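The residues making up each chain are set out below.
Number of protein chains: 2
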Amino acid sequence: MTKKNFCIIMAGGVGSRFWPLSTTATPKQFLDILGVGKTLLQLTYERMVKIVPPENFYVVTNAQYENIVLQQIPDLQPHQVLKEPLRKNTAPCIAYGNHEIRKRTEDANIIVTPSDHLILNEEDFLNTVTAGWEFTQNNDSLLTLGIKPTRPDTGFGYIQIKEEVSEINSLKINKVKTFTEKPELEIAKMFLKSGDFFWNSGIFLWSLKSIDCAFKTYLPKVYDLFTAEQFVLDDVYSNCPNISIDYGIMEKAENVYVLQSSFGWSDLGTWGALYENAEKDEMQNAVIGENVMTYNTKNCVISMPNNKLAVVDGLENCIVVDTADKLLICKRDDEQKIRQFVNDIKFQKGESYI
Amino acid sequence: MTKKNFCIIMAGGVGSRFWPLSTTATPKQFLDILGVGKTLLQLTYERMVKIVPPENFYVVTNAQYENIVLQQIPDLQPHQVLKEPLRKNTAPCIAYGNHEIRKRTEDANIIVTPSDHLILNEEDFLNTVTAGWEFTQNNDSLLTLGIKPTRPDTGFGYIQIKEEVSEINSLKINKVKTFTEKPELEIAKMFLKSGDFFWNSGIFLWSLKSIDCAFKTYLPKVYDLFTAEQFVLDDVYSNCPNISIDYGIMEKAENVYVLQSSFGWSDLGTWGALYENAEKDEMQNAVIGENVMTYNTKNCVISMPNNKLAVVDGLENCIVVDTADKLLICKRDDEQKIRQFVNDIKFQKGESYI
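Protein sequences appear in the order of chains B and U.
Going by the working numbering, the first sequence wraps up at 334, each residue one higher than the last.
Going by the working numbering, the second sequence wraps up at 334, each residue one higher than the last.
It is possible that some hints are incorrect.
[Claimed, not checked] Below are the DSS-like pairs computed for lysine-lysine, each with C-alpha atoms no more than 25 Å apart in a straight line:
(1) B/LYS288 to U/LYS317
(2) U/LYS260 to B/LYS329
(3) U/LYS157 to U/LYS83
(4) U/LYS169 to U/LYS157
(5) U/LYS306 to B/LYS260
(6) U/LYS155 to U/LYS142
(7) B/LYS311 to U/LYS311
(8) U/LYS142 to B/LYS288
(9) U/LYS173 to U/LYS155
(10) B/LYS260 to U/LYS155
(11) B/LYS278 to U/LYS326
(12) U/LYS278 to B/LYS311
(13) B/LYS306 to U/LYS157
(14) U/LYS155 to B/LYS288
(15) B/LYS311 to U/LYS260
(16) U/LYS311 to B/LYS317
(17) B/LYS306 to U/LYS173
(18) U/LYS278 to B/LYS278
(19) B/LYS260 to B/LYS128
Simulated from the structure, these hints should not be mistaken for laboratory data.
Everything numeric in this text was worked out from a predicted model, so none of it was measured.
With these hints in hand, go ahead and build the complete structure from the sequences.
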């Protein structure tokens, strides 16, 4: 492990798709959503700490989550939790991380990773990151981990590759041709068949030099704000545009590459994704919770607190999520409606009910 | 209202059919199962107190429920809660009530009523009781309130009547021909069609003299135990047979009569019965709880604590019952399985989970 390796964990997200498990007070990344005894943030940290020294982590999150981050990762010092005063999407988040890393060394290898993704094969993942850094150290490049698709998923963005430029430890690196948004099913099927399309994992590898250079070129205002002599965080964020790293840099830069990866990845973006990745019983139910009894129930996702007893009889293809003060029962096919439910609750009951 | 009127409320039952709302710690009679703001016991007391003075009530229950009874009916003095040391069915329960009433007057009119039934039309009910007492005061008789059936229900026992012996305030009183157990559907349909069969409500009217005489004749051992010089409650119950008033007396005595009643009655013995009697929304859901939101959900029974938010999407013909530490989701057609679920829980998790 080298002291030059740095990790920026993006942990500021607040999604409603996993409501009522994930709430504004405790978003998904801070939950043991898989029932494995560790939160997604903890899993992310424990995975990365094998190749990044603990003092080289920066967790970027909203100010309100500082304590939860420090509780969940006791290794971290308070200054390693970067508290965003406003939510401004991923580009400012990464610029903030860079700002801290720049104080430490100008020669950093950086991985930027979401805090709430699932990675099944840790060894493959770490080998992939190591290979990627070998490339980014020696080439002025912005490298994204592209996941070899295994199904025509319409829930992800896709990256189309062009010519291969390198191969490190049997892992191929290609130039990027295009980024595409979430496709329709027919298109997704074509993408899968062509072999040139990869899922956009949102995990990035680069050197500090390369990403700084990219910010200077494509998001100069953001770069200037984060490198000004007078650095006042609230002012920086007030003046910073709300823009994603994909839109602001990756889709514009010339030196963007994909590392073809296959370490068993899911963004766990939906209950469906959780269902796919969770352990299932003989009736194909994904059950989280120690006291759940099912009868004539199949293809369901059931998430219960361990200390609560549940009897579920006669359900098929449903999502059942129970928390101390909220219960959701919903058809799996209707999970895109969860956002609507959450909006209805805000409107009918008030923000505090979310 | 006459000081001769006495009421014995039987409140010792512990059913599992309403699990998880009804538990051993808090059986159904102590719950606001209809979501009306009052428990079934309270509704029973408030109905009867219009024709029985508060000091003439005796609530017979298991010792463990003494406090809950006194909390729910603040009018009662502790000596009016008769604490059974053992569960011995309805005959000893009634004998215990008689034992207390006998100390007060030998000339009592008594109503014996379950604590957990629903009565919709209170005025008709009170008129029925008043008419019934007029008959039992003047005739050595054991009178049961027979409910005119409105459907071929297979969940109740039926009573077949023979000749009419009296009519008081347009209410007819007939001799009983037979008591029958819960019938098969085809038989129940015949019962309904014949017009001679009534649902056995388990509500009884008689004078103290007549019921004492019946105990002496048909259950002399029980009578002797409860009238012995040396009355030691624990000994009485240890030595008392476990026997119902129906089997021990009503099916054997010669002077048993039915008062033909129609005051809107349900024993609320099942979720189905609750569903029939609860208010329903436009999708025919019976929803109990102030924060339940339903989408594409119909013909369901949903019971949630008021302080818990629930979103239910895409369910049909289901029972959803949530409590602090238990959740049941079950097809309405499967409600007879709830006993099995409860047994499975006892076996797999332990008695404390019920």
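**Request:** Sort out whether U/LYS83 lies within 25 Å of U/LYS157, counting only the CA atoms.
**Result:** Outside the cut-off at roughly 34 Å; violated.
**Item:** Holds or violated: B/LYS260 to B/LYS128, with C-alpha atoms at most 25 Å apart
**Value:** holds (24 Å)
**Prompt:** When you check the alpha-carbon spacing of U/LYS260 and B/LYS329, does it fall within 25 Å?
**Reply:** holds (21 Å)
**Restraint status (C-alpha distance of U/LYS155 to B/LYS288 at most 25 Å)** = Judged against 25 Å, a Cα distance of about 52 Å means the pair is violated.
**Prompt:** Given the hinted pair B/LYS278 and U/LYS326, is their alpha-carbon gap at most 25 Å?
**Reply:** OK: B/LYS278 and U/LYS326 at ~24 Å, within 25 Å.
**Prompt:** Does the alpha-carbon distance linking B/LYS306 and U/LYS157 stay inside the 25 Å limit?
**Reply:** Outside the cut-off at roughly 54 Å; violated.
**Prompt:** Is U/LYS306 within 25 Å of B/LYS260, Cα to Cα?
**Reply:** holds (22 Å)
**Distance restraint between U/LYS173 and U/LYS155, which requires alpha-carbon spacing of 25 Å or less** = holds (20 Å)
**Asked** Does the structure keep B/LYS311 and U/LYS311 at a Cα separation of 25 Å or less?
**Response** Within the cut-off at roughly 15 Å; holds.
**Message:** What's the verdict on U/LYS278 and B/LYS278, does the C-alpha distance respect the 25 Å limit or exceed it?
**Reply:** holds (21 Å)
**Message:** Hinted pair, alpha-carbon criterion (25 Å max): B/LYS311, U/LYS260. Please report holds or violated.
**Reply:** Satisfied, since the Cα-Cα distance of roughly 22 Å is no more than 25 Å.
**Prompt:** CA of B/LYS288 to CA of U/LYS317, is that 25 Å or under?
**Reply:** Roughly 20 Å between the alpha carbons, so the hint for B/LYS288 and U/LYS317 holds.
Going through the hint list in order, the structure does not satisfy hints 3, 8, 10, 13, 14, 17.
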